[in-house]
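> What follows is the residue order along each chain.
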Amino acid sequence: MAFLEQPAFEIGRRIEIRGGNTWVVVLGPDTTNDSIAGFIADLSASLSRTVRVVTGAGSMDGLLTALASPADDPVLIADLDGVDAEAWSALDINRSGLAREGAVILWLSSYGLANLSRSAPNLRSFVGGSIFPLSPDGSTLTPEERASRIAELEDHFRMTSEQAIAQAVAGTQPSDPLFVEWLVLLDRGDLV
Amino acid sequence: MPSGAPTRAKILDDRYEEALASIGLPSARDVAAQVRTYLQHQDAELSRKNNALSLVKQTVSQEITSITLGPAIDKEPTDRHFYLESESRLSFCIEIRETQGRCSLVAYRFHLSLPDGMSPSFYRFDLNPKPHESPLTEPRAHYHVAMEHIRLPSPVLTPVEVLDRIFQVIEPQVLQIRFS
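In the order they appear, the protein sequences are chains A and B. Residue numbering for the first sequence follows our numbering, beginning at 1 and increasing consecutively. Residue numbering for the second sequence follows our numbering, beginning at 193 and increasing consecutively.
Any given hint could turn out to be false.
[Claimed, not checked] Sample of chain A residues at the chain B side, in silico, Cβ under 7 Å:
#: 1; residue: E144
#: 2; residue: S148
#: 3; residue: A151
#: 4; residue: E154
#: 5; residue: M159
#: 6; residue: S161
#: 7; residue: P177
#: 8; residue: E181
#: 9; residue: V184
It is worth saying that the hints were derived from the structure and are not from the lab. From the three backbone atoms N, C-alpha and C, an ideal C-beta is built for every residue, glycine too.
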C-alpha cells in the first residue's frame, strides 16, 4: 500500500484535527539523529508544543510511566524499529496502559511498520490510516544553488570570494547581513 | 543645529547589545522550524500557494547557521520569493550563532517588495552583525522605507516578530489600498 508523503507541518495539522489519543506512524527517511531532530523541531513548531522523546524499547514499566507523566503532551518513540516480535506483542497486550490524551508518534521504517502490523494488531488499529512517509527535507542548498548565490553576492559587493575572505580575516568587512551569509556559503563561519 | 546627535545615536547602538543578549532563542534548527511553520500557516490562507517548505534553506558553517528565502538581493520577481496575497514578495536571510549551548542572533535582512505601482516600493528590516562607525546614519537595527540610504532605528526583533510586522501590519494595509 502506498502512503502519501507529508511534511512535518502537515502531520502536525492532522494530529491537531484528530485530537486526543492519536497514534501516528511516521516513516522516516532514515534513523539518523539529525533527521529525527529536524522532524521534532518542525513538528514542535507546528503543534506549538515541544514534542518529547520517549524510550520505547527495553522497560515496559518505563514506557508506561513516561507516557503517563505527563499524559497530554505529544511524544515521539523512535527506538522501536529494531525490536522483536515479542516486544511488539508485549506492547500490544499492554495497549490499554498506552492510552493517553496526547499524541503518540512512532518513528519507524517500512520494516518496523511490517513488524508492528504483524505482531501488534491492536496497536496497528490505533494507528489506522495515520501512516505518513516524511517528505524529503528540501532545506539544503544544492551545489548549483550555492554557487549561484555566491555569484550573486560577488556581483553585489563587487569583489571576489577570495577578497571577501581576505577582508574578513583583516576585520575590515562591511557590517552587512549579506556578508555574513556569504562567509557561511564559503564555509568560513569562523570569520563571522 | 542641535549638537549631541552622534552621541545619542552611539548610546542607542550600545543598547542593542543589551537587547540582543536578552533575546532567548531556542536552537537554530528550532528558529528555522518556527519560520518555516509561520510561512506554511500564512500560505494556507493564500489563494496563490507558495511551497514554503522548499523555499526556506539552511546552511551551516562552524557556529553560524544561515536561514534564507529568496534571492540574496531582490531585483525582480523570482520563483524563489514568497508571495503574499497582495502580490508583495518576501525574501530574507537570518544569521544565527550557536555556541556552548547558547543560541543568539547575529544578523538579519527581511526585504518586502510591494507590487508594481505601489508606494512605497519596499520595506526592509535589517540587523547588522556589528555596529557601524556612524550609528546616526546606520543604526545597528534599522528599517528602510523605499530608500536605500535612509535607515531608521528599530528595536531588535526576533525573526518571527519581523514576520508579524510584515504579515499582520504591512500586508493588511497594502491589501486594503490595493483592492479598495
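> All hints, please: hold or fail.
Hint check results:
1. Because the smallest distance between the Cβ of A/E144 and any Cβ of chain B comes to about 13 Å, over 7 Å, the interface hint for this residue is violated.
2. For A/S148, the interface hint is violated, since its Cβ never comes within 7 Å of a Cβ in chain B; the closest pair sits about 9 Å apart.
3. Against a cut-off of 7 Å between C-beta atoms, the interface hint on A/A151 is violated, since the closest Cβ of chain B lies about 10 Å away.
4. The closest approach between the C-beta of A/E154 and any C-beta of chain B is roughly 10 Å, which is over the 7 Å cut-off, so the hint fails.
5. With its C-beta approaching chain B no nearer than about 14 Å, A/M159 sits outside the 7 Å limit, and its interface hint is violated.
6. A distance limit of 7 Å between C-beta atoms decides the matter here; for A/S161 the minimum to chain B is near 13 Å, and the interface restraint is violated.
7. For A/P177, the shortest C-beta to C-beta distance to chain B is roughly 4 Å, which falls under 7 Å, so the interface hint holds.
8. Hint on A/E181 holds. Least Cβ distance to chain B is approximately 5 Å, under the 7 Å limit.
9. With a least beta-carbon distance of about 4 Å to chain B, the hint placing A/V184 at the interface is held under the 7 Å criterion.
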